Structures are given as structure tokens and as C-alpha cells.
Amino acid sequence: MKHLPTLSTLSLALLLAACGGGSSSKDDATPTSEPTPDPKPVVSQFGPFATGSSAAPKTVYFDLDNGEVVELTTEQAKENKEWDIAFQRTKVFLNQHADNTVLMHFTANNADFFDQDGKAIADKFTTANAETELEDYEVVTNDSIPSDESEFSGDTSNEILTGFYSYNSSTHQVSAASDNYYIVSSNDAYTKFSVTNLAGNSARLMSDIELTYTRQTAADTEFVNEQTINLDLDMLCANAEQVYVSFEAAMEVTADDAYDLSIPCGEGGAKFDINLHADAKAFQDFNNEHTNINPQAVRYYGFQSNEYSTAAFDQHKWYAYNLEGGHKLWSQYGVYIIKNANGHFKLQITSYYDADGNSGNYTFRANALAAK
Amino acid sequence: MPLSLSLLLLPTHLMANNLKTEIDEHIVVTGTKTPKLLSNSPVSVEVISGDTIALISQGTLAQTLEFIPGVVITRSAKDGYNIQMQGFDSKHVLVLIDGQPLISPANGAVDLDQVSVNNIEQIEVIKGASSVLYGSSAMGGVINIITKREQDEQLSLTYQISSYLDNALKKRDGDQLSHLFKINASSTLFNWHHQVNLQVIQDAGFDYNANTVSHNAAALDKTFFNLQSYKAFEFTEARFKYQYFEESKKRASSSIPGQMGKLYYRSDVDQHQVDINLNNSDANWKVNTRYIKHQETSGQSNSLRESDIELAEIDGIKVWQHGSTNPKSAGQSGGEVVTGFVVHYDSLNQLKPATQSVEIDGKNRHSVELYSQYNFIKSSYQWLAGFRAQQDSDFGFHSALRTSGMLQLGNKSSQWQLRAGYGQGYRVPDLKERYYVFDHSNLGYMVLGNDKLNPEQSDSVNIGLSHQTTVFNGAANYSAELNTHYTETDNLITTVIDRAQSELTGLNISVYTNIASSKIYGFDLSNEIKFNHWYSQVNYSYIDSEDSQGKRLSTRPRHQIKFNLGVELPSYDIEALLYLVYQADEALPSGFVGYAKKDYTTVNFNLKQQLTNQINWYLALDNIFNEHQSPDAVQTGLFDPRPVSSQELRIGLHYQF
Chain A
0 MKHLPTLSTL SLALLLAACG GGSSSKDDAT PTSEPTPDPK PVVSQFGPFA
50 TGSSAAPKTV YFDLDNGEVV ELTTEQAKEN KEWDIAFQRT KVFLNQHADN
100 TVLMHFTANN ADFFDQDGKA IADKFTTANA ETELEDYEVV TNDSIPSDES
150 EFSGDTSNEI LTGFYSYNSS THQVSAASDN YYIVSSNDAY TKFSVTNLAG
200 NSARLMSDIE LTYTRQTAAD TEFVNEQTIN LDLDMLCANA EQVYVSFEAA
250 MEVTADDAYD LSIPCGEGGA KFDINLHADA KAFQDFNNEH TNINPQAVRY
300 YGFQSNEYST AAFDQHKWYA YNLEGGHKLW SQYGVYIIKN ANGHFKLQIT
350 SYYDADGNSG NYTFRANALA AK
Chain B
0 MPLSLSLLLL PTHLMANNLK TEIDEHIVVT GTKTPKLLSN SPVSVEVISG
50 DTIALISQGT LAQTLEFIPG VVITRSAKDG YNIQMQGFDS KHVLVLIDGQ
100 PLISPANGAV DLDQVSVNNI EQIEVIKGAS SVLYGSSAMG GVINIITKRE
150 QDEQLSLTYQ ISSYLDNALK KRDGDQLSHL FKINASSTLF NWHHQVNLQV
200 IQDAGFDYNA NTVSHNAAAL DKTFFNLQSY KAFEFTEARF KYQYFEESKK
250 RASSSIPGQM GKLYYRSDVD QHQVDINLNN SDANWKVNTR YIKHQETSGQ
300 SNSLRESDIE LAEIDGIKVW QHGSTNPKSA GQSGGEVVTG FVVHYDSLNQ
350 LKPATQSVEI DGKNRHSVEL YSQYNFIKSS YQWLAGFRAQ QDSDFGFHSA
400 LRTSGMLQLG NKSSQWQLRA GYGQGYRVPD LKERYYVFDH SNLGYMVLGN
450 DKLNPEQSDS VNIGLSHQTT VFNGAANYSA ELNTHYTETD NLITTVIDRA
500 QSELTGLNIS VYTNIASSKI YGFDLSNEIK FNHWYSQVNY SYIDSEDSQG
550 KRLSTRPRHQ IKFNLGVELP SYDIEALLYL VYQADEALPS GFVGYAKKDY
600 TTVNFNLKQQ LTNQINWYLA LDNIFNEHQS PDAVQTGLFD PRPVSSQELR
650 IGLHYQF
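Protein sequence lines, in the order shown, are assigned to chains A and B.
Quick note: the first sequence, position 171, residue 170 per numbering that gives the first Met the number 0, numbers continuous.
Quick note: the second sequence, position 253, residue 252 per numbering that gives the first Met the number 0, numbers continuous.
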């Protein structure tokens, strides 16, 4: 595997050969002493790759080294180190496999496609095309690879209910981070809570916890009715593997009840973890900005499951949406430097459509960057 | 035989000619389902005559209805046209041909641009709730198109050529002109009278800016074919009617991001309609059957959907009369009972062939409806009360009530009429609202139907005062009318975000839901004066509305003025008509940041000259000042209420053999 550098070199050789093949006999008769111009850099284009329909989405896993799609199921992809970058409808993912942790650096070209407020400038997007943006791609060379590794980022896996306690490294004391609020959507209501009191024990586990919260049910327009739940975790964990909490009941409940949170138990207390119910979602409101949730705009709050992935491409979106009506996606023609286990590549997404205008069909440029 | 009874089976155009009074008069059938003199109808009815239709029409119902005071015509996303009346949108205004409904392919509404006005006797308009006689969807009113039945042998040809002038599409083949061709023929064969009407429209489409990829109106081809045969037997008249409609549209809508090609809005429609009617003049009953099959492939070229719509309906009506239904003196009185039934079936199948995603999986509904209405008639007043019951396959039992009255004041040369009425309306959810699965999850959103929807309901009150008299020593007729209306609606169906499903899927999921209530109220004030050779009418309509949160409903102009001036020059056999439409002050729809314009005026001019007994020609300049929506303003988030319309010059020639 990992033949893309070879292919690129071969392509370059063929290109040069083609140029040479085009020489006429006149050239042979009249040798010139003019310097040979720099060869035009090779640009490899891939796609369109279909990511399925709305009803049946499909993830396309792509191996940059070989310049080819790797056919994998979702489960196989988790264990596979061949692929580097994946496309699933509008989302772009990077492999997080331990043996091929792929990272990305955004070159920040075409920053003028957005105004000072970060709003897309429609004309910039709609008049750009693969041809006009080729130069942006070509100017990215191995010299563009940042030497600072921190300039690269990868996809990450996270838990939404982290940060509910503070650890003082001087005193080795743990305390409640009572200003770190979480807003939970579960059981047809929203709950805004924080951990307001927390005590540890000698087993380095939680012995007591106090949750303070307000709720917004379907009948409310904002969070109301502050309540607290105090849990003696030493006692509750004595004969249990998990402690289950219901905001509606304002108490500890069983696993068979409609619980919202669960706290895993250890030997002699509870672990420093709080988990969401599988059907619940939450987001962090650490700046305490939200006094209510607008049900019409739930999609825009960023509710997440207990465990979720953050895609590096989400931080530097490759497209703008619905700029002139019609719900279309317009590429920003951003150039990304992708680092995998074998080297660096540049990548530019040129279209989300095939020639007939069917969406979800990725076309992109990708080439290996020679090592410094 | 009482007047209305004897008129029941007469062709309406004959009646209109024979019964013309000193004050301009029409026979109307829509208000009570029995023929009435317009001035004697207990329900207020407005009429556009066949002559006016012939003068102003551009081939379909769309521009023709623009002429009616208080009516708002809007252009749909499918490049068609919808109607709005008394503040109700097109889903709540029932459009009928000869008293029976049409299919509604345009998001639950009839596309007015798919209805030909070739061979129309007159169009009758009732504003306000009419569900007792017409059932679902008649909350805002009824438009009934009465087709013409030629009695003589005749053949006529019409050809029209037109141009959108500066907005004409720059076609590669150089043909920027639009064409319209009509042929009407009638003849008697084997004791049946036969009538054939063909209308072909080739419209070039228009574009405001040749430098943009998108065009503003589609180039289209339409064909309307109509064949009807009828024969009067001893007691019964039978009529068979077949209509075929074909339409093809194509409009560049945008470039494909990152590709060289373009996206197009496309629509290909194929529709067949069969009517069979039986009338019994002695026993005063009629039975009408209608079957429509509509197949359509439409949408953006990368997302075409196929729709298959069917409608089948049988309706019957029986009229009983007593006393004098056309009383001449104060001591006379009479009445009539109109009772009818309707058996209705419709179905909808919709899918996207490219992805095989089924949007509506062959769903259907059916209903049985019964209604009865009693009209008590005295020379000085009338009173009317009715009831309708509907048993629906989806919603079970529903009913509606109505009562109204009319008081006649003054004398024949100076008439005053006071009409007042209360009516209930309802609209059953259509199949799309119940079963739709619009899956754009690849772009982050879905729209879903809801099979638990209930019918929308309304209560309306209408009060009107009209006056007709002669002025200038009898040289002119003058009429004035003031109509006020107030409607409260409940259970309005709209799409709302489904919170639970949105969170679960990470998509923006909207679901059709019974949620909204609203109030719509306003008035129409009209004045008309008619001299021998010229006439003029000015109408002002005011509409206001509020939803359950007190916000105004969008897309409804608060003010509308319609003005027309008609002139006849007998020495030159010329008739000309100038009319303008002014609309102002629509509530800002959601999604817009401000107004590009708050009001606008369109002006149209039509002229027709009879050259010989066989030949006439006509000229029309529509939208003289080229008032139209600014795509640039809309692009920047500004709301522009002006129509997607264009200045157009039309010239036509008509030959009558």
C-alpha cells in the first residue's frame, strides 16, 4: 500500500514524457539553450464518490496513500487502519485508529469568502469553481506543512458530562464545579443542572453528591422551580453497580425507571463519572447563558449523546449552505493538509455534486506532499 | 313553472341574454345551486362574463381571476398560480368546473395555470364560507367556472403571438416569441351535439437578467383538448365530456456547485378528465360524475418526483319548490329545498425515482356527504338555511351549518339590498399533510405528514349592503356595494418542529400539526358606473388578520385597489379595457430581514376590434410598467411582494367561419 507518491511520480514522468513526445523534428534540428520551464505540478482528482441517499446514507472511506476507496462497514472501519479520511453526507471524518491517527491542518485559504462576522459572502462561493481555485491548491507544497505539531488536529471522542468537578493539584482536593451547568433533554423535558456539592472519600471515590437543577417541561417557556437531589453514594453503592437519578422524581430510582443520569459505582463509593441515559442528550452551558430552550431551534444548541465524536473538519467547514436558496452546498475550496502514518497530503473538496446535480457525491483533489 | 325551476336546465348564456333587465343582469347558479338572477340571489355572487374573459385572458384562469375585486393571485414555487380570497390561501378556496372539483397538485391547491378559459360561459365567485353546499376547502369561498355549450354549428380559429419584450429569454434558436392557438368547433351528428375545443400554448418564458444562470419564468408548452357531446332525450339530457391536458415546463434554476452544468426546474404533466352528467328537467334532479387522473414528474432536475393523483366523484342534486319562487307582489311567497349527495374518492402516490424514496405510499381517502338547504322567498326578503354532514374514511363524522338572509329595499330603478349570513366552514387534511415523507436528511431536514390530524374549522359572518340605481337622467347605471366579513378559524394545519424527533436524529424535523387558530376580517367596497359606451369600476379591499399569538398572517396584502375603465367605439367596432391592481402592506414573512418594497401597481391594457363579421383582432399590453419582483433584493434577504411577472405584448387574430 501507500503508493500515491509513486503514482504521483509516475504521473509526473508521463507528463514530462508527453511533453517530450510532442517535440518536433525541428526541435531536434535546432537545439535550444533556453532553460527548461518548471514542470506543472501534478494534480490528482478523485470522485465523484456517492455517499448514498437520504434514506440510505453510505460512508465512503478513502485511502490517501493508494488513492482509492476502501469498502468497509461502520464496524469494520473502527478497526481498520488503511483508510485515512471518510465522507458521510456533509460530514468528513478522520481515522482515529491507534496505528493511523490522522490529523488535519487547514491552510486558511479563501478566508475572504467570509465577512468580518464570519458570514458567508454568497458571491464568493457561487462564482468560485474548481478552475478558479486550482491555484490555491497548487501553491500548497511541502513548504506549507507546519512544523508545529499543535497546528494539526484530529477527530476526538468525548463525554458530554465531563467537568462537573475541580481538582486542586496543590491540595489534592476535589470540589464541585458548581458553575459548570449542563442542559439535558430527556423524557420530554429540559433540565439545567450542576453539581453543587461533592465529597470524596479515602478510596478516592465520591461519597456524597448534590445536584441542583431547574426544569423546563412542555408547559414551560423557561427553566423554573429549582430543586436539589442529595445522594449518599457510599450507601447507595454498597449493593449496586450504578446509581440512577431521575430529575422528574427528584430522587434516586432504579434502572427500570425513567432515569436521566447514572453514576457508576466502585468499591466503597462512586466513580468520578456521571453518564446520560442512552435516550437523553445534553450540552454544556459553562457560561450559564441559557435561561430557556427554544423547542423550535433544538437542532442548533448542539445537544450530544453521552459519548460523542468531534470532527476536526467541523472546526473548519468545507462548505457554505443555502446561499441562494435551493438548499445547495457550495465548497469553500479550502485546502487541508492531512497527516497520516506515512506522510502528508493536501486535499481540496471541489464539489458535493455529480454532473447531473445529485447531492452527496464528493469530488476532491488530493496529492502527496514530499517529505522535507 | 316557477322561474328557477324552468331555468335549471337551460344553458346559462341563453338565460343571461333573454333576461337582461334595465340594470345589467346575469344568471348565477353557484350561490344556491339553482339558477337565480344575480340581483335576486340571497348569496352575494360576483360574475366575470365570457366577453370579459375573452378580452383579458391569456389562455388560462391565472390572469383572468386577477380581474376580480378582492382576489389575490400568487405565483407558486412550481411556476403556477394560486388564488387567495378574503384572506384565505388557495387551500381554502374551492375551484370548480361546472360545479365539480378539480385535483390539487400544487401543494394542496389547484394550479390556476392548468385550467383553460377557452370556451368559458362565465365565472362565478362566492366569497366566504360555503362548506354547506360545497364541502371541504370552501372556507374562503368558491370559484365556479361555467363552461359554454354551443348550440349552433360553428368553427372558429384564433392565433396569438406575444413577446416579453426586454425580459424575453435569449434563446439560441432565436425564437423569443410565445404562441397561442385555439380551435373551437361544434356540430350535430347522429342527433347528438358535439363540441371540440383545442388550445395550444407555447410560452417562451422570461428572464430579468441575462447574466445570471437562473431564469425567472419557465418556458412551457400546454395543450388543452376538450370534447363534449350532449343530447336531450324526452325527460333527460345526457352529457359526456372528456378533457385532456398536457404541460411541459423547463427553467434553469441555478448552476451545480463545483460542476459545469445547470440545475433545472422541470414539470411534465399528463391529465385526463371524464365527466358524465344526467339532468331530468321534469323531476328536477341532476347526477354528475367526474374522474380525473393526473400524472406529474416535477421538481429540480436532480430531485425529480413522480406524482400520481386520482379523483373520482359522484354528486346528485334534487330540487323541490313550492309557491312562487319569483314573487312579483308582496303577497306572494315561495320556497325551494335543495338536497344533494356527494361520494368522493381521491388518492395520491408520490416517489422520487432516482433514489426510489417513497414520499406518499399510494394513500387514499373517501367520503360520503349529504346536504340540504331551504330558501324561503318573498319579494321583499329571502331567508336561507342549510346543513351538511360528511362521513369521512379518515375523520369520521363532520358537519357544517349556514344561514343567511337578504332584504330588498327601494324600487326597480333604485334598489337596495342588505345581505347577512353566518356560515361554518371546514377543510379535511389532504393526503400530503397526512402521509408525506419529505426526506432531505442529507441536507439536515425532513418534513413529515401526520395521520392524526383533525379537520380545520371556521365560523364566518358576512354582512353586505348593495345599491343599484340609474344616474344622469337614466344615461348610466350606478352600483355600489359594501361587504364586511369576519372569520375565526381553529385547528389550522401547519408544520412545526418536532423536538423529540429532531434531537433523536440530529435533523430539523417538521411535522404537520393542528395547532394554529386565526382571525381574518376586512371589507370590500366597490363602485361601478356604466354608460352606453363606457364603464368604470373601482374596488377597495381591506384585509387584516392575526394568529393565536396576535401576529399578522403573512402573504396577505392589507390594502388592495382594483380599477378598470372600459370603452366601446361602435363606429370602429372597438372595445378597450384598461385595468390596474394596487396592493400594499403585507406582513413580513419569516426568514426575511426587511422590505424591498411595500406596495406596487400593475397596469394592463386590452383592445379588440371587430373587422368583419368573421374576423376580429386584439392587442394587449400586460404589466405595462414591467413591475416585478427583484431577485437581487430577495437574494439579500429582503421581502419583495411584487409578482414574478413581465411586461408582455400580445397580438391575436380570430376568425369565425
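Treat the hints as calculated values from the structure; they're not laboratory data.
Computed from a prediction, not measured in an experiment: that's the story for all the values here.
Check the hints yourself; a few may be wrong.
What the hints assert, rightly or not - Pairs of lysine-lysine residues, derived as DSSO-like cross-links and limited to a Cα-Cα distance of at most 27 Å, are as follows:
(1) B/Lys351 x A/Lys118
(2) B/Lys317 x A/Lys57
(3) B/Lys377 x B/Lys261
(4) B/Lys362 x B/Lys292
(5) B/Lys292 x B/Lys230
(6) A/Lys57 x B/Lys411
(7) B/Lys377 x B/Lys362
(8) B/Lys317 x B/Lys377
(9) A/Lys316 x B/Lys529
(10) B/Lys230 x B/Lys411
(11) A/Lys90 x B/Lys596
(12) B/Lys261 x A/Lys90
(13) A/Lys77 x A/Lys57
(14) B/Lys261 x A/Lys118
(15) B/Lys77 x B/Lys249
(16) A/Lys123 x B/Lys261
(17) A/Lys270 x A/Lys57
(18) B/Lys147 x B/Lys607
Results for each hint:
For the suggested pair B/Lys351 and A/Lys118, the alpha carbons sit about 34 Å apart, so the restraint of at most 27 Å is broken. The suggested pairing of B/Lys317 with A/Lys57 is violated, with an alpha-carbon distance near 61 Å, which exceeds 27 Å. Straight-line distance between C-alpha atoms of B/Lys377 and B/Lys261 comes to about 66 Å, which puts the hinted pair past the 27 Å bound. A hinted pair counts as satisfied when its Cα atoms are at most 27 Å apart, and B/Lys362 with B/Lys292 qualifies at roughly 15 Å.
Restraint check for B/Lys292 and B/Lys230: satisfied, since their Cα atoms lie roughly 26 Å apart, inside the 27 Å limit. Taking the CA atoms of A/Lys57 and B/Lys411, the gap is near 78 Å; set against the 27 Å cutoff, the hint is violated. Our distance criterion of 27 Å between C-alpha atoms is broken by B/Lys377 and B/Lys362, whose separation comes to about 49 Å. Distance check on the hinted pair: B/Lys317 and B/Lys377 sit about 22 Å apart at the alpha-carbon level, within 27 Å; holds.
For the suggested pair A/Lys316 and B/Lys529, the alpha carbons sit about 67 Å apart, so the restraint of at most 27 Å is broken. At most 27 Å may separate the alpha-carbon atoms for a hinted pair to count; B/Lys230 and B/Lys411 exceed this at roughly 39 Å. A C-alpha spacing of about 40 Å is found between A/Lys90 and B/Lys596, which places the hinted pair above 27 Å, so the restraint is violated. Under the criterion of a C-alpha separation no larger than 27 Å, the hint pairing B/Lys261 with A/Lys90 is consistent with the structure, at around 25 Å.
At roughly 15 Å between alpha-carbon atoms, A/Lys77 and A/Lys57 fall within 27 Å of each other, so this suggested pair holds. The suggested pairing of B/Lys261 with A/Lys118 holds, with an alpha-carbon distance near 26 Å, which does not exceed 27 Å. For the hint pairing B/Lys77 with B/Lys249, the CA-to-CA distance comes to about 11 Å; that is within 27 Å, so the pair holds. For the given pair, A/Lys123 sits about 18 Å from B/Lys261 by alpha-carbon distance, which is consistent with the 27 Å threshold.
Using a Cα cut-off of 27 Å, the hinted pair A/Lys270 and A/Lys57 is violated, with the two alpha carbons roughly 38 Å apart. Restraint check: the Cα-Cα separation between B/Lys147 and B/Lys607 comes to about 21 Å, which is no more than 27 Å; the hinted pair holds.
Checked against the numbered hints above, the structure breaks hints 1, 2, 3, 6, 7, 9, 10, 11 and 17 and satisfies the rest.
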